[in-house]
Every structure is written in structure tokens, then in C-alpha cells.
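Produce the entire structure from the sequences given, and follow the hints as far as they go.
So the sequences go chain by chain: A and B. Residue numbering for the first sequence follows our numbering, starting at 22 and increasing by one per position. Residue numbering for the second sequence follows our numbering, starting at 1090 and increasing by one per position.
Treat the hints loosely; a few may be bogus.
As the list claims (entries may be wrong) - List of simulated lysine-lysine pairs, DSS-like, C-alpha gap at most 25 Å:
hint, chain 1, residue 1, chain 2, residue 2
1, B, K1365, B, K1158
2, B, K1140, B, K1365
3, A, K82, A, K70
4, B, K1140, B, K1158
5, B, K1365, A, K79
6, B, K1240, A, K70
Rather than coming from a laboratory, the hints here were simulated on the basis of the structure.
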Amino acid sequence: MKGGWFRGYTIAYLIFLYAPIVLLPIFAFNNATTIAFPLNGFTTTWFGKLWEDPALHKALKNSLIIGCSAAVISTLLGIFASRASSRYAFPFKTPLMGLIMLPLVMPDIILAVALLTVLLGIGMPLSLFTVILGHVLVCTPFSIAILSAAFQSLDQSLEEAAYDLGETPVSAFRLVILPLVLPGIISSLLITFTISLDEFIMAFFLAGNENTLPVYIFGQFRFPQNVPVILALGTILVCLSIALLATAEYFRRRGIAKTGGKDTGGFL
Amino acid sequence: MQSKPKVRFRGSEAANGLLMISPTAIYAILLLAAPLAMILAYSFMTDGYLKIIPHFQLCNYVGECHSYKDVNGVMTATQDYLGVWSDPRAKSLMLRSLMISMVVTAVTVLLAFPVAYFVSFYVAPSKKSLWLFLITIPFWTSYLIRVFLWKVILGTGGPINFGLLELGLIQEPITWLLYNVNSVVITLAHAYAPFAILPIFVSLEKIDRSFLEAGRDLGESPFMTFWRVTLPLAMPGVISSVLIVFIPTIGDYVTPSLVGGPEGKMVANLVELNYKKLDNYPLGSALAVSSMALVMAVSLLFLFMNRRFLRGNKR
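Written as C-alpha cells, this is what we have:
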């Protein structure tokens, strides 16, 4: 076996990474209100209770609205930025891209309080819209990371051929470039939606009286008797995220294969 | 870009590029650069209960400040508070957050390196993206619930204590795992794992494998080849891992709130308190600015210490 010691270590590391995700369904199906071993038998009660809570349904609806809007807007902004940075040389490119990618390393709480300060300063009431503004800020760098790979592997001569054949820049983009980067765009939409669905801090500060799913979950942690229901919800969310990510990964790889690029792996 | 700008395109390349990036750039300037500038400005202003009095002062950082309140049209001083660096509690919280961030960064990057090394050097090229996908999945799944489950794992009824009790290795549950700095470090090391692995992986992938063969041919042991060839070439990746883990962890809110207990609180908890409960934006801003300044100072020092690894890619 190649790399014996490293392989063993990496598998141990993966167990560490997956430990919480493996425990999640175990407790979600456990017939006890306290989240502890030993287990007490199988139940689907907690999943049933998910249908009975109107506050949860409202939070889910809010999260879906925010997630879809943030995914579309941040992917559009991501297309502009990654197209500009991979295709053109222009002044202030490094500082501008640096600023756009900054939320990737900035603590979310700093971004959230900064945005909150400005929004209250200009007198904008907190609502789902202000959460969308925040989520777009957080999601755009991820969109750019995914789309840059797609745009960079584009062969520029394809575009030039389209111009030579009489296409305008807009029609060349639509007919030649868009089909090639479409898998990257779909991947970006799915990933940014997943990020927005899971984002807590921005929503915690910017949602005002509204709840999103993570804000609702955080609130429920204060009531120990509600925790099993939250773990049932978490099990569903984790399955949903994995499905979305697997689809995104499929499209990301197809996009790279389509443009003839080499897969360097990973979203970042 | 290799090719020169073509004359047949309308406008110059620079104009096209700026036009193309403008929607994203304007968004970032209005909703990122301006807000950050604004909290910097707020941190020098006076707290007027739900509004900001544009009166320049340094007391949010050092010294004693007054909060004001509008009483029948007259701004009246209501409350005194200490600036961030004069309040021993705020100061120790910031230094503790910095310490926790540094420990988390060291633990995360050291644990991550062998994983990145394995995937880059031992996994078949066609399987690499599958391994990376497996590594990144937990990172994208409900952060809040993952942190909560660490609370369960490390708690008295969790699998660790249960297992050790069943095996008879301990008589009473271990309590030092949860609600202190340990649990914060473990949980954050888990949360930021992919952020540490991916940059190191990318820099390992770039290493020309013939350098390693040359090292061996010249009689170096495998360990010395690693120490003198692989590690220096991987350093740019290690440095980005360190920064990408270190900078965001200092501002983490969820982990210290759920698993930190009173000993494990971090600066984000105090920022939240000032913004949401006390409505003291100037003090909250001064805290945010101070902790970022602290992180930047340490990051720059770290970059300076490692400057020889970043100087050009000639060799």
C-alpha cells in the first residue's frame, strides 16, 4: 500500500472531520430528550414535530428567499469579476480584486457590524433585504473562486474566431463563452445557495425581527427540550447540503472538462 | 494575459476591464469598503444612545468615556465606561482571543499538513478531486449544528466519556474537555480544516517532482529531502493557510458562545453585547477595530519572519 503511514493518518483525520455528521442522525432518531449516550431506542417523533412548528416554516421560507436571491446576485457579480480578471489587464486590478475577495478572510462579525452601522446610519430598516445584501458580500468571493477556474481555462481563440465570423461581443458571449462556462455558473449558484442557507452571523445582525433557519436554530439551542427536533432538522439540512454540493461538484468538473482545462480539484 | 490588446475591440483593454468589473467593484466599495471605513470613524465618536454624536475622541480606545442621552432636547451624560485598552476585562478578552486564534492556527495547520501531503503525493491524480471533495464536505454543512455536536461529543454524556466509562478507564466523566479553551480550540480546528488543507495542497501540487529525485540522487535521506526541498517549496501554501485560518478565527462568535463557557469567551461575544444589547456602537466599533489591528499586526510580523519563502519564485 502506497503511503501507509500517511494513509492511516488521513483516514483518522477524516473520522475527526466526519464525527459530528455521523453523530447527528444517531441522536436525531434516538428516543430521548437528552442528547447523551447510552441510546434509548429508535423514534421518528422528532422528524414528525418539524411539521408542527409555524415559526420554523416561516424561518425556512425566509431562508429560501434569501438563499435564492443571494445565489443569483452573487453569481452575477461573480461572473463580471471573474470574467474581468481572467480576460483583461486593467488599472487597480489587484486592489479591486483584493477588496472583492476580502470577505473570504475577514471575520464575519466585523463585516456584519460594519454593514449594520451603515444601514442604520442611512436609516434603512432591517429586513430580509438587508440580509440578502450581507449574504451577497459573503458569497461573491466563493462564486469568483469557482468561476475563475472556468473562465481561465477558456481558449481565447474561440472568442476571436467568433468575432472574425461577425459576432458582436454580446452575441459572442452568449453563443460561445456562456455555453462553455455554464457548468461553472450552475456550480456557483448551488454553492452560494448552500453558503447562504447556512450563514448565521450576517442574518443574526441584519435580519431585524425576521428569522432565518440558522437564527431560528441558534435560538432553539437555549431550550434543551427542543434540541432533538433541531437535530432532526439538521439531519435533513446536512443531506440537502451534501446533495447540492455533489451536484455542484459534478457541474464544476464537467465545466473544466468541457473547456479542456486540467482539474486542480477543490472549490477554493 | 499573453496576447496584446486587439485594436478591433471597442475601447481599450483597460476600459473594458474596468467596465466589466464595475458592478462587483461598486458593490464591494459601497457595502464593504465604506462600512469598514465607517466603523473606523465611529470608533472615534461619542455614544449618544441610539445615535452617534460626531465629536472626535480617543476614549473608546484609552481612557474613560461618557455616554449621552437626549433628555428634553439637552444631551446629558448618563453613563461612564472605560475604553477598550483601559478596561482590564476587554483587554484580557482580546489578548485571550488572540492567544486562542494562534493556538487554533498552529493546531489546524500542523494537523492539516500531512493530509495535504498524502493527497498530493500518494493519491492517484484521477482520485485527487474525490479526496478533496470528501475533505470539504463537512465544511459546507450546517456550521451551527456541527458546533453543537462538538458540545455533545466533548460533554459528560458524549461518546468520549461514555466509551471511557464503559471500558472502565475512568470512574467519573471527564469535565475538562468542555466549556473552556480546549473545546474552543478543538471545535475551531475542525471548522477551519479545509481552509488549511487546500492552500497547502495547491503549493505541494506545484512542486516539480524531479527536484525531489535530484535530492535523493545527491544522497539526501527522505527526511532531509523533505526538510530542505519539499517544505521550503510548500511554505507559500503554509503561509496562506496560517493567514486564512488565523484572521477569521479571532472573530468567531458561535463556537465561543456554544462550547466556550465563561473561560472560553472571545472578543466577538463582547462586540455582539455592545452592538445588540448595550447599543454602544462607538465602543463596539473600537473593539472590532482593535481586534482587527491586533490580528493585522501579528499577521504582518508573521509574513515578515517568513519573507524569504515569499521572495519571488525564481528558484
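Right, here's what the structure says about each hint:
| no. | hint | verdict |
| --- | --- | --- |
| 1 | K1365/B x K1158/B | 18 Å, holds |
| 2 | K1140/B x K1365/B | 14 Å, holds |
| 3 | K82/A x K70/A | 17 Å, holds |
| 4 | K1140/B x K1158/B | 9 Å, holds |
| 5 | K1365/B x K79/A | 23 Å, holds |
| 6 | K1240/B x K70/A | 23 Å, holds |
Against the hints set out earlier in the document, no violation occurs for any number.
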